[in-house]
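Peer 1: Fit chain R to the supplied structure of chain H, relying on the hints for placement.
2 protein chains.
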Amino acid sequence: MNDFVYENPTKILFGRGVIDQLGGELKRLGVRKVLLVYGGGSIKANGVYDSVIAQLSACGVAVVEHGGVRGNPVLSHVQEGIAKVRAEQIDLICGVGGGSVVDESKAIALGAASDIDVWEFFAKRETPQQALPVMAVLTLPATGSEMNGIAVVTNEETDEKNAIVCPALLNPKVSFMDPETTFSLSLQQTSFACTDILSHLMEGYLTTPAERLLVQDPVIEGVARSVMDSMAVIMKNPSDYDARAAFMWSATLGWSGICQAGIPAWGMPCHALEMPLSAVCDIAHGAGLSIIIPAWMRVAGARHEHRILQFGRRILGLDNPSSVDAVADVLTAYYRSIGSPVSCAEAGIDPDLDRLTNLAFDSFKQRGMHDYTKELITDIYKQSI
Amino acid sequence: MNDFVYENPTKILFGRGVIDQLGGELKRLGVRKVLLVYGGGSIKANGVYDSVIAQLSACGVAVVEHGGVRGNPVLSHVQEGIAKVRAEQIDLICGVGGGSVVDESKAIALGAASDIDVWEFFAKRETPQQALPVMAVLTLPATGSEMNGIAVVTNEETDEKNAIVCPALLNPKVSFMDPETTFSLSLQQTSFACTDILSHLMEGYLTTPAERLLVQDPVIEGVARSVMDSMAVIMKNPSDYDARAAFMWSATLGWSGICQAGIPAWGMPCHALEMPLSAVCDIAHGAGLSIIIPAWMRVAGARHEHRILQFGRRILGLDNPSSVDAVADVLTAYYRSIGSPVSCAEAGIDPDLDRLTNLAFDSFKQRGMHDYTKELITDIYKQSI
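Those protein sequence lines, which keep their order, are chains H and R.
As numbered in the UniProt record's numbering, residues 1 to 385 make up the first sequence, in order.
As numbered in the UniProt record's numbering, residues 1 to 385 make up the second sequence, in order.
Since the hints were made in silico from the structure, they are not lab data.
Treat the hints with care, since some could be wrong.
Taking lysine to any residue pairs in the SDA-like style, the calculated list, with each CA pair at most 25 Å apart, reads [what the hints assert, rightly or not]:
#, chain 1, residue 1, chain 2, residue 2
1, R, Lys27, H, Val5
2, H, Lys27, R, Val5
3, R, Lys173, H, Thr127
4, R, Lys173, H, Gln129
5, R, Lys173, H, Leu169
6, H, Lys27, R, Thr127
7, H, Lys173, R, Gln129
Just chain H, same shape as in the assembly (with noise of 0.2 Å):
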């Protein structure tokens, strides 16, 4: 077991209606003001956005409106939201959605605390010191976001799509969680959430060199398990209260940091590679994900084949696979059997892979992982195709 520093002091309201005691939270931190931050406009027909403009309204904080967040969430609508929080002397960032969404409540809370440009936070050029307090009403489960100090943001005139981890200063104060807003997601977006909550649990569990992870192997599988069973029963009924509650939740500890305390020397080689492809061609993070990390196991698998054999019995239910690739063979139908694309050409995307290899060098060197070479960056997204 590493050591390590554990901090979650995100409060998490869960169940019917919550909604319902946002008011009341925001009163007791003494917020006049919100910028509510959303994204295209889900929330206004599934009717979440009147039920959070009640709650603002009936205890009389104010509201200045920041919608339009983006999928993969930019660096110009961050800098906007910034500039609206300036110039309306904003107490609270109140995001409205799924993980985008928080993630861009945060960068703007981060960006609108400090002089300093935003950007560099993201570049890792300066260490953030300080943030407005932020807010999550999560309608789409998958990133963690509303429990955790994470954001992701994109740089679209560099392509960049960089991830700032702040523990404490990011976490959202309070995350209010109904399942049931979640019921009218398309099966598309539930299936990329959950090949997105999937690949939380697996970047730790697959790249880790250590033989036997004693606590972490035996809960990141359970949660895994509680994903993958919970997306079973939604595909058959996605208004199945007990399986939203689950996969909602499963997502949230998944990528709370209890899952991961404590494992040795991992790295996060396909979120590395698939930033660049989400970032180029934006598309949504979990299809970039289904689309990588078959293509990662089978290039670069070999190195962690111990832990990947152990995912196919202990995750995927394999009696005895033979080699890596019977795994990955597994895990494309697994992807295919929920709907989401595992490769390019399934994706209706056609990246330039020589762009995609600079990107995800330059984040591997960032993440200290020199042993992804161009090559093996470039054998690994030609495999993705």
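Peer 2: Frame of chain H; chain R shown alone:
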């Protein structure tokens, strides 16, 4: 899935030598004087006391000592601690030891921050509103007190052993967990700890009426497997770092609320039955649990047959247990194998069953578990003799 609130703001510093960060954390919180709470002196034998004192001295924090916490912390000693805090203008309570020490630290923090007699909170006649900050240096993992808002204290005048649950308010601000400080624990202490940790996982798992818990079942099974696997390694080599570390972190996870969040309609009958036993006979809580749980299963388990059989299959690893008694048999054998007593006789105690029954009956009433009649309670205690 039931609605739930999850809030767990404790910062965990985990790993070798983390006590060296105590001074820095105290400074960060602006602490000038602490009450140092500890037990019978084992921390003086294993060097932890010296490390803590060195930290306090190096950062110029004054110390008032409060040693002598008992295995089942008692109200009179809590009251002595509260008097010291008031007389000495203490800023923070620092518990160094196991769950009893951390629980007493919380009780002192609660009592010292209010004019109300602290037992009023434990008797549920008053609701806590404030508490002094607490830190924990954990040397005996078992109760999870280092990352939850729970404290248990015995009123030795009435033999009432009551728990109080105040997430956030009573959570330690920071907990320091160095697995090497647990190397010197005896196998018996570790065995009682194992029983306690498993019991936290079992109460919800066994007593919920839910047919299937999509997320909590596999997560609880995972943590339980970690506890049992690491216990097996520790029994062979008490200084195996990874096993001690996994055992320690599993104990924390097991009663942090993460495993229980959302479980429908569960109760804690085994704790309601055990707490009178350890209060009256002053045995270790873990020893009491290994006596009570199989007895409870045999006498009251029929109503939870589906869950107990699942426990037998998925946690005890039985192929296809035929009955609740069959599971109880294997559980009894497991407790014996790790050296925890499975009857009052084995523990060398001969309690007054009427006294126990009356105390437990009151406890069940307080918990709203009205199906536990005096007859049923007595039958379970008789089974445990």
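Peer 1: Each hint should be assessed against the structure and marked as holding or not.
Peer 2: Now for the hints, and whether the structure bears them out:
Distance check on the hinted pair: Lys27/R and Val5/H sit about 18 Å apart at the alpha-carbon level, within 25 Å; holds. Among the hinted pairs, Lys27/H with Val5/R is consistent with the structure: their alpha-carbon atoms are about 18 Å apart, no more than 25 Å. Restraint check: the Cα-Cα separation between Lys173/R and Thr127/H comes to about 24 Å, which is no more than 25 Å; the hinted pair holds. Between Lys173/R and Gln129/H, the direct Cα distance comes to roughly 20 Å. Compliance with the 25 Å bound is thereby established for this hinted pair.
For the proposed pair Lys173/R and Leu169/H, the alpha carbon gap of about 15 Å is at most 25 Å, so the pair holds. About 21 Å separates the Cα atoms of Lys27/H and Thr127/R, which keeps this hinted pair within 25 Å; it holds. About 20 Å separates the Cα atoms of Lys173/H and Gln129/R, which keeps this hinted pair within 25 Å; it holds.
Of the numbered hints given earlier, the model fails none.
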